[in-house]
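Given next are the chains, with one letter for each unit.
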Amino acid sequence: MNDWLSPDEWQAVALSLRVSAVAVLASLPFALLVAHALARWRFPGRGLLNVLVHLPLVLPPVVTGYLLLLTFGRRGLVGQFLDQQLGMVFAFRWTGAALAAAIMGFPLMVRAIRLAIEAVDPRLEQAASTLGAHRIWVFATITLPLILPGILAGTVLGFAKAFGEFGATITFVSNIPGQTQTLPLAIYTFLQVPGGEASALRLVLVAVAIATGALLLSEWLARAVARRIGGR
Amino acid sequence: MLSVAIRHHFPTFTLDAAFEAPPGVTALFGRSGSGKTSIVNAVAGLMRPDAGRIEMDGRLLSDSGTGHFLPPHRRGMGYVFQEARLFPHLTVRQNLLYGGWFSGRRDRAGFSRIVEMLGIGHLLTRRPVALSGGERQRVALGRAILSDPRLLLMDEPLAALDEARKAEILPYLERLRDETGLPILYVSHAPAEIARLATNIVLVEGGRVIGAGPAARILSDPAIAPVLGLRETGAIITARIEAHEADGLTRLGTATGTIFLPHVEAPPRSVMRLRILAQDVMIALDRPERISALNVLPAVVRDLTETDIGMLVRLDAGGEAMLARITRRSASALALEPGKPVHAVLKAVSLAPGSIGGAESGGSTLP
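For the protein sequence lines, the chains are A and B, in the order given. For the first sequence, position 107 matches number 107 in my numbering, and the numbering has no gaps at all. For the second sequence, position 321 matches number 321 in my numbering, and the numbering has no gaps at all.
One chain only, chain B, in its complex shape (with noise of 0.2 angstroms):
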């Protein structure tokens, strides 16, 4: 558990957060400029805070009131820049190996997993120059992992990266989280990257806290979409899939009913993540015969909210909550109130395989 309360002044804002994070991957996340990295800067040591204190598993990391402050390299901070930052004159396996040259650690097996976890085996010998933008981040993680942190820190480690890239690399994210149950601590402006990969968020504006809890509370949490947008404000949900039927849809279970999505490439029984946007779901009081979208799930309304984007319907949905965004309108012509309960037409489109994430966090660890 990293608890991190931190105040620091910059010229032209002030820094003043405070939250814990808890095992899993926690991101940080708000707006450009808002003070995320300041924030992974000072739990790693790099940036010294005007005050506060930053602990990470009982391991006192800076305290201000005492002085004390650990130089970054005895923090055992796992850190993935933005820009990879591999040593230019080094090659790939020294890129990799250089932070055991340190801890003293030589984990064959474990360098072995983790060059075949991030396919960057054929990529040994080679110098970073000679890699491309996903394969250079690739290597900055496994040397990150491979110095054997304590917490991975990542700095939008997929922002350089084109769309391709990214999809490239997320994957190897989520085997990461899943596989090796490293706490990361992730930075990121994007939502959908945030709704795939984390389990807990918390969120930054202005150098504050503004909220923090576990993902699928923070997302379906209508306050703070104002600060998603329209166009990302959405809950996850989990689901498992059951089956892959004839006419290759998948068939997949969640708390409240079934889902029909364009084939999953999952094995059975996978459990995978949705995203389910607001604006892709409608309300309808009885349940609609005769419509094309496959998915209808039953809910309950469990609050409304007036917010700049129009009105948010918070909906409970065999205990996970979903969003749905209509018009004021809508809302007083269906007479919508808290308990009501209600059936959500889901847009077939709306459970794409782009929003989709791996399997639940928490989950095995590799022997």
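Chain A with its partners taken away, still in its complex shape (with noise of 0.2 angstroms):
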């Protein structure tokens, strides 16, 4: 692996795979709070909640990604703050690559959450409560379980999404090899100089794999679903 790829190459792969990883465990317990409200309850704000979760999925990235760079750069309002209280920086910052790519892959895993859970019939859990369960046991026993294949399907696209994001975090981050080239700004910056085109071709193909893969394996969670809802 390390021959096939140079060390720059192999270096914004690892990145992407961070910043990925890293972008979809951390808005996970997000993803499923906000799938939960939106699929469960009744509040004031729900439909506006549901506008601004989905609203990266249709803006451009680069609007997006400016919008971050405004609110989380370091003179922006959120960044401004975060920096002095608790010297945690995103602008230019690897984690603000994660950052970017979390607010992009998130529409995505509330999506795939949210459907998982209006799945679950609110019978079960009614009988379960009848049963002596309170309501967080209730989740961690009926709910959780039920949806759990729902939440892995999520969590797949959200990644396969955080690890193709490309507008947003050359705008917020820029490119800067090794701290935000991610593999799809190293493909855009092979290609910019001459003879790059095979670097750029090997870092495809390798996207091209970990893309098919994660769709796979989201296909079969999903009937994964289908089957341990209806029953097995």
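Check the hints yourself; a few may be wrong.
To be verified - Not the full set, but computed from the structure, chain A residues with beta-carbon under 7 angstroms of chain B:
| id | residue |
| --- | --- |
| 1 | 122 |
| 2 | 123 |
| 3 | 124 |
| 4 | 126 |
| 5 | 127 |
| 6 | 129 |
| 7 | 130 |
| 8 | 131 |
| 9 | 132 |
| 10 | 133 |
| 11 | 134 |
| 12 | 146 |
Unchecked claim - Reference listing, derived: stretches of chain B covered by chain A, where coverage requires no fewer than 3 residues with Cβ under 8 angstroms from a Cβ of chain A:
| id | segment |
| --- | --- |
| 13 | 54-64 |
| 14 | 71-78 |
| 15 | 96-102 |
Please keep in mind that the hints were generated in silico from the structure rather than gathered at the bench. Glycine included, each C-beta is placed from N, C-alpha and C at the ideal position.
Each of the two chains sits in its own frame; use the hints to bring them together as a complex.
Below, the structure written as structure tokens:
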């Protein structure tokens, strides 16, 4: 593998994997909460939350990236606060790439998890509560196991989306090798220099392999949802 | 003792129900949509009534006055739903043990006793999808019992089953009533089920309680006949098997005389409930001789009631009430009036085994 990919190329692949994994794992709890809220709770601002969550799916990624820069940049409202209070910097760091990837993958994760939650019969949860289970236990022992395949499918989709993220990343955190130059950015960069086609092509193959694998995995998990909720 | 007094406004009707359920099987009986399920949901804590109080054995479950509302998981109500609602991702054994995970009680002896009583031992490793409707309902019943409830709520647990499956489950319900002594609130709109199981009946119509009391008294009350309909109106009386006779008949003793039935599958001295439909009872002034009906019981007319479905005569048969439906013309031809001694002629067919209940309630409890 190391012989096949040059150190620069390998660096881009490794960075992309790290950025996507962190993005997905860090946003999973929020995705679960938002999906549950959208599927089960009725509250003022529910429609607004729904729009907000799905916005990155329809906005041009450059716009999302620029909004992130305005908000989380060193001069941005949130960015300034995080920098001064917690010493956390997103701008032009790999963490910023992860944030951009998380925002872009979030709607896909929420959608998959929400569909799984909506497929769970609330009457099963009622039955569990009459058997003595507190709401938290009902969620842990009934809802969660039943939606687990949906969570996994959402995670895979979110990971694939994060892995391919380009526009928001390059706008928000630029294109710094080893820091923010993820795989798509590296492909773009190789294509800009003479003789870079071979490197670009190798990275394209890696991207195709990872994306295909993710899609297959997600399809398989989606079928597992149906099986589990149908009761095997 | 469960005591309920609640009021709740639904878009289509208003529930305004008050009743008490003493130990035993209390049947909430009424037409579909009369509010029975809402009452049970309020008792379970799955529905919060607009106003009212619910108390179980002196423990306050909900009180709109003080805003007190115990959440369902702290009420200790075993709920058997119309659809079994088994957890699809758990095996039968895990479903049965689910309640125990939270009560912290691990009663191995209790587990095997209930599994044996319900006949579900061979299903323990299966998943709910691999069970028949009747098996599912038995597992649901076991799951509710094993959560160690103070009260068992059953919302038409047989309604989703066909006749054969019903017949399969009813004996288990009778055993439950007779062997565990667990108080039960049982929702149904099937008079045959109620006659077989209930010790007390609460009649619900249009969201209101229109009558409540011991099953034998309520079922023989002419005033409720229109609720049941002609085909289902009938009293229940208690009988005890005396002997199985050589010609295949079983002799039973009642408070007022002997009854013969086609062979009853139960040992002598068993106590049974017999359901006698009003349309299957004829009235004779003299003891009829040379008649094909085997069962003729002396009785005294208690009262006569004019109803939509004809003249209902309530008879006192050795202290037990019996209903007979006759025409107005017969009533005047026989000059029936309260206090008049008569003979009730029961057509043998009316005592088919299907209408025979198990032992009287309040029976023995298992060690």
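Verification of the supplied hints:
Given hint, residue 122(A) at the interface with chain B, is violated; its Cβ is 10 angstroms from that chain's nearest Cβ, farther than 7 angstroms. Residue-level restraint check for residue 123(A) holds (minimum Cβ-Cβ distance to chain B is 6 angstroms; threshold 7 angstroms). Taking 7 angstroms as the C-beta contact cut-off toward chain B, the hint placing residue 124(A) at the interface holds, the least distance being around 6 angstroms. The beta carbon of residue 126(A) is positioned within 7 angstroms of a beta carbon in chain B (closest approach about 5 angstroms), and the interface hint is therefore held.
Interface restraint check: residue 127(A) against chain B, minimum CB-CB distance 4 angstroms, threshold 7 angstroms, status holds. Below 7 angstroms, beta-carbon pairs count as interface contacts, and residue 129(A) has one with chain B at about 4 angstroms; its hint therefore holds. Hint status for residue 130(A) relative to chain B: holds, with the closest Cβ pair at about 4 angstroms, below 7 angstroms. Restraint check, residue 131(A) versus chain B: the minimum CB separation of about 4 angstroms is within 7 angstroms; hint holds.
Of the supplied interface hints, the one on residue 132(A) holds, with its beta-carbon coming within about 4 angstroms of a beta-carbon of chain B, less than 7 angstroms. Interface restraint check for residue 133(A): the shortest CB-CB distance to chain B comes to about 5 angstroms, inside 7 angstroms, so the restraint holds. For residue 134(A), the suggested interface contact is upheld, since its CB lies about 5 angstroms from the closest CB of chain B, less than 7 angstroms. Given hint, residue 146(A) at the interface with chain B, holds; its Cβ is 6 angstroms from that chain's nearest Cβ, closer than 7 angstroms.
Residues of the segment 54-64 of chain B with a Cβ under 8 angstroms from some Cβ of chain A number 0, which does not satisfy the need for three, so the listed coverage is violated. By the rule of at least three residues with a Cβ nearer than 8 angstroms to a Cβ of chain A, the coverage given for the segment 71-78 of chain B holds, with 8 such residues. With a threshold of 8 angstroms between beta carbons, the proposed coverage of the segment 96-102 of chain B by chain A holds, since 4 of its residues qualify and at least three are required.
In this structure, the hints that do not hold are numbers 1 and 13, in rising order.
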